[in-house]
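> Please arrange chain B on chain A, whose structure you already have, making use of the hints.
Sequences listed follow chains A and B, in order. Okay, so the first sequence: first residue is 12 according to my numbering, each after it adds one. Okay, so the second sequence: first residue is 93 according to my numbering, each after it adds one.
Hints are computed from structural coordinates only; laboratory data are not their basis. All figures in this text were calculated on a predicted structure; none of them were measured in a lab. This list has only true hints and no planted wrong ones.
For lysine-lysine, the following BS3-like pairs were computed, each having C-alpha atoms within a straight-line distance of at most 30 Å:
#	chain 1	residue 1	chain 2	residue 2
1	B	Lys148	B	Lys160
2	A	Lys52	B	Lys144
3	A	Lys52	B	Lys148
4	B	Lys169	B	Lys148
5	A	Lys25	A	Lys75
6	B	Lys152	A	Lys52
7	A	Lys52	B	Lys141
8	B	Lys152	B	Lys141
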Amino acid sequence: GAVVSQHPSRVICKSGTSVKIECRSLDFQATTMFWYRQFPKQSLMLMATSNEGSKATYEQGVEKDKFLINHASLTLSTLTVTSAHPEDSSFYICSARVPGRSQETQYFGPGTRLLVL
Amino acid sequence: GDSVTQMEGPVTLSEEAFLTINCTYTATGYPSLFWYVQYPGEGLQLLLKATKADDKGSNKGFEATYRKETTSFHLEKGSVQVSDSAVYFCALRHITGNQFYFGTGTSLTVIP
Chain A
12 GAVVSQHPSR VICKSGTSVK IECRSLDFQA TTMFWYRQFP KQSLMLMATS NEGSKATYEQ
72 GVEKDKFLIN HASLTLSTLT VTSAHPEDSS FYICSARVPG RSQETQYFGP GTRLLVL
Chain B
93 GDSVTQMEGP VTLSEEAFLT INCTYTATGY PSLFWYVQYP GEGLQLLLKA TKADDKGSNK
153 GFEATYRKET TSFHLEKGSV QVSDSAVYFC ALRHITGNQF YFGTGTSLTV IP
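Same shape as in the complex, but just chain A:
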């Protein structure tokens, strides 16, 4: 199947700093990517849908100014957590949809664990 990578796999940062997480589709071009977050012992929650060349669509309750999403190319989407706080500590997972395939066909990255001190 298609491969999606994320970088970094884990990051520790100080409160108030910004952190950028990259999501790459390695062997296909993805016009649409998705960002999820997962708190311990909770479900993955969709944060936003990232469309190449246009603004991301955020789910209700997700602050677009805090979680900046850029999908500048067909193989890369980035999530920047701005002015991070300890409550932003979480597991962030991206997925990418393969063009021309069923909307259900999404490939997931391995996730990025963020710890804000």
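Chain B alone, transformed into the frame defined by chain A:
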């Protein structure tokens, strides 16, 4: 709203034991149901799916049947192997829209 509830782990089984991971859902209409598996250090991978009531999804010896009357999609395998050790996520998705609704995941460890 739509949601998925799956049994909490962790689950530890001996090799060749029978596995059941329960999953129930709440949704309007007729969603598609999925089981995803995440091996250590890797992304979620689709394990199996079912798109309508009474459908049975199967893959790698795993099975799950879409039961609308009980709103369930329990995952089963008759004889687990050490290589099945992973985290398993139940999920639903409507035909329209992008959003998946995931359960919290169940960690499975199979010991020799």
